[in-house]
Amino acid sequence: VSLGRDDYRTVVVGAGIVGLYTAYHLARAGAGPIAVLDRGFLSSGGSGRNGGGVRQQWETRATIRLAREAVEGYRRFGREFGHNLWFRQGGYLFLAENRAELERLGRVHEVVRSEGLPSRLLDAEEVGRRVPGIAEGTVVGGAFLGSDGTVYPFPAVWGLYEALRRVGVEVALGVEALGVRSGSGRIEAVRTSAGTVRTASVVNAAGGWSGEFSRSCGLEVPNVATRHEILATEPMKPFLDPMVVRASDGLYFSQTMRGELVGGITVPHAPGTQRGVPSSARFVTTMARALVGLIPRLSGLGVLRAWTGFYDDTPDGFPLIGEDPRLPGFVHANGFGGHGFMLAPSASRRVASAVLGEKVDLDPREFSPARFLGTSGAPSAERLQLG
Amino acid sequence: MAPASLRRFRFGRSSVEARSGETVLAALARRGWPSLVRSVRYHRPRGPSCGVGDCTGCLVRINGVPNQRACRRVVHEGDVVRSENSWPSPAWDLLGVTDHLLPHGLDTVHGLRRPALLTGLYQRAVRHLAGFGNPPDFVGVGERSGLSARSAEVVVVGAGRSGRGLAGALVRAGVRPLLLERDPSSGAGLPPGVELLPETTATFLPPPEPPGAGFSLLGFDAERRGLVVRARSVVVATGGYDAALLFEGSDRPGVVTADLALSSARLPLGKSVVVGGGARARAVVDRLGSDAAAVVAFGEIGPDLAQVASGLGVPLYPRSRVVRSLGRGHVRGLEVARRDGGGHFRLRCSSIVLAHRRLPNAQLLFQAGAIRRWSAVPGAYYPETDGAGRTAVPGLFAVGAAARPEDSATPEWEDVARAIVAGGSAAGPSPTPGGPRSELLPYYRELLGERRRGKWVVCPCEDVLLQELEVASARGFRGLEVIKRYTGVGTGLCQGRYCLPEAILVLAILERREPTEVGYITQRPPLVPTPLGALASAAGEFDREAVP
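As you go down the protein sequences, you meet chains A and B in turn. Okay, so the first sequence: first residue is 8 according to this note's numbering, each after it adds one. Okay, so the second sequence: first residue is 6 according to this note's numbering, each after it adds one.
Keep in mind that a hint or two might mislead.
Not the full set, but computed from the structure, chain A residues with beta-carbon under 7 Å of chain B [claimed, not checked]: (1) G80; (2) Y81; (3) R83; (4) F88; (5) R198; (6) A288; (7) R289; (8) T292; (9) G309; (10) L363; (11) F379; (12) L380.
Examples of chain A residues toward chain B, derived with CB under 7 Å [unchecked claim]: (13) H32; (14) A34; (15) L128; (16) F161; (17) V174; (18) M243; (19) K244; (20) F246; (21) G266; (22) V274; (23) V291; (24) A295.
Where chain A lies over chain B, by a calculated footprint (3+ residues, C-beta under 8 Å) [claimed, not checked]: (25) 157 to 163; (26) 192 to 206; (27) 262 to 270; (28) 321 to 334; (29) 447 to 460.
Because the hints were derived from the structure by calculation, they are not lab data. Where is the CB? At the ideal position from N, CA and C, for every residue including glycine.
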């Protein structure tokens, strides 16, 4: 594999949804030539491994605003890119198992509503109507927003990939970014497995591997890669509309357009990004226990397959978006905590602004990479990191 | 009252008798050809095709639990069996019209986006076409909770010829192995000291964590109860299976593999064309006797088979290509082309038996971390093993047809048993055989040049069409991993057993590179769809386990 040129205006590291979207915005702004590098195949990382959830219910206004714009982006996607994401707005239903959880959801609900989104608090009976077969006594209520939903993630990757090729962006698969070279205090070149190429800016959109890449460029960052697992059941006729999320154990699941239940649950994993680590018996059985406990009728349903991927977590739950003040030309587009797919359409526009040297339409206290220099992060924190 | 040896079950509105130990499929097959299910997406007629519990051709709902294989499920008195994904019946299905309305299939990647007003309607329609059955009925009807937790020094998966042979050698070496068998098989003929768990499916074998620690094998039994076996060593003796073949209408009812033709469920196959020129085809002709209508092979026909066939007066068609199955619904014939330039011709038959290629059941080995090695003949990935069955994973062994092509030399059971007792260590890489190239590559190259009229279904579980692979390829998407995600090929209930071996060859041709360069998928657990209830019952076994 070799690259088509030896100099680019921007090199994007990572051909996942965030990297591809960013390259698309840059190309539209006429900021070529651009290359997008990925060491794996298309959709080999988080963009091909997520559960497809897209939601606007978050704890903080900053994330809600970004998520709301992302939903609009996905609604437009079919028209813009000619690919069908099957964006189905069946809602997100957060379950509360006890009063304390219901109170927490109530606080989230207040913030969501004050941003103009019509979320609703449900009692146990209403939850039961939306989750047919839910066991009695497992919930006291929930919070629901009908305009949240799910996408089929792959066509987003295909659509962006084809759009980028049409506008002359080079997407180099099987090329690994190894580090950068700087001169007179800013980015000069990026070292890759296919040789060194000159570039004025580098975007780190490497998902689960972004922390490693930043560090290989000499930049200490707080990103931690955490393995998460997910499984899919046999396909069934439609019976469940919303994405269902439970805070206490991180259980989430939805029924996809193909009829499969797809979801995950939190089990402890050691941090690290070693590839090829397969699904664990602990996850598969824990997930099965949680699903059957919540909806006992599912006990006869077969699990079809399980797989793993990485969350790119930050201490305050906000992503890193913008130029790194320590290395001009190095732009972060990472730390999405497993929600890069949800936020990509809106977040990537801000990343492109940062590359172009324009004002970034975000509160720097929450999103700037500089917030971790000398302080422990944003003054608030986004803790609704589930589903 | 039925005699004690008979079981009665309901199928639709009728009451059916089954002999003791008989499967639902075998019982139904005595009444005629069983039509049990329609395909997803296009509601195409489907019939039992694999006979070993992996395809989607005999899915039925039993006692309120969807997607059970009629060919695996032994009849219990009072079972309520219903057909799936069809109305009013699989033979006459209203939604079968979908297949005719969409002669070129449905492009779900790009299509059905406009007008925006209709997207809700499209979503409802497509959701309804997906999936085979409704969710299970309320609270685990026919599902028993409870877990069987076992431990054994050595567990052998598969009680076929190799599994039994090795189990005997292990007993002679002083080890009492636990033997798991998916089939309802008896312990008759087993050496004393071997414990057999029949009707038990091993489904998930994670690599030991940390490496060198013991194995935890997950599975489930005939009652769909969970099973966990802790073992120091695992021997995979899961054998082989007969591959599918791609041609127009290859998913039609009546196209079956040799596994099904040779199984104990005696389907009314009638006059059958046998595809294949080797020992497997010969076994099928032996079984069919005067019902064998013809033998068609890609290359030459072996002398043994030729002799048996001519004794029965069965015509032979060597160097031939299967172009399409004929009929409306069930198979009524077969169109064949001579590969040496002769024309097309038609054979009358009521079934087509595929006996051309035997592939390894090696998925459990790849789950557990065995290294894959491509074997051009038969065109499949085998686990890397040494002369004593060791794989690269300490304690994991592979024997029999799961480990190597069936005509190659097999190790002595005593050698394997000694290696297991000694504590199997990692294998050094064995020499890669120079072997011949796959004869199927030039075959498929010719076939893809045929004019196409109807659908060529690469993946019958998900109704993925050949055309979808070609579109994805033409748009610049390359490699099996990407094509799998693009088209859904390999993501169905058979876990890719009946589509990936063909898809690799087709992609090698479309991408103009070697099959090995097309890559392969990561073997995702579980091996077969595993009931959530069975897995849930095992959760307590892993609550404190370290996760990598």
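Now the hints, each set against the structure:
no.: 1; hint: G80; verdict: 15 Å, violated
no.: 2; hint: Y81; verdict: 12 Å, violated
no.: 3; hint: R83; verdict: 10 Å, violated
no.: 4; hint: F88; verdict: 10 Å, violated
no.: 5; hint: R198; verdict: 25 Å, violated
no.: 6; hint: A288; verdict: 5 Å, holds
no.: 7; hint: R289; verdict: 4 Å, holds
no.: 8; hint: T292; verdict: 4 Å, holds
no.: 9; hint: G309; verdict: 3 Å, holds
no.: 10; hint: L363; verdict: 28 Å, violated
no.: 11; hint: F379; verdict: 28 Å, violated
no.: 12; hint: L380; verdict: 33 Å, violated
no.: 13; hint: H32; verdict: 22 Å, violated
no.: 14; hint: A34; verdict: 17 Å, violated
no.: 15; hint: L128; verdict: 26 Å, violated
no.: 16; hint: F161; verdict: 5 Å, holds
no.: 17; hint: V174; verdict: 15 Å, violated
no.: 18; hint: M243; verdict: 4 Å, holds
no.: 19; hint: K244; verdict: 5 Å, holds
no.: 20; hint: F246; verdict: 5 Å, holds
no.: 21; hint: G266; verdict: 3 Å, holds
no.: 22; hint: V274; verdict: 6 Å, holds
no.: 23; hint: V291; verdict: 6 Å, holds
no.: 24; hint: A295; verdict: 4 Å, holds
no.: 25; hint: 157 to 163; verdict: violated (count 0)
no.: 26; hint: 192 to 206; verdict: violated (count 0)
no.: 27; hint: 262 to 270; verdict: violated (count 0)
no.: 28; hint: 321 to 334; verdict: violated (count 0)
no.: 29; hint: 447 to 460; verdict: violated (count 0)
The structure does not agree with the numbered hints 1, 2, 3, 4, 5, 10, 11, 12, 13, 14, 15, 17, 25, 26, 27, 28, 29 stated previously, though it agrees with the rest.
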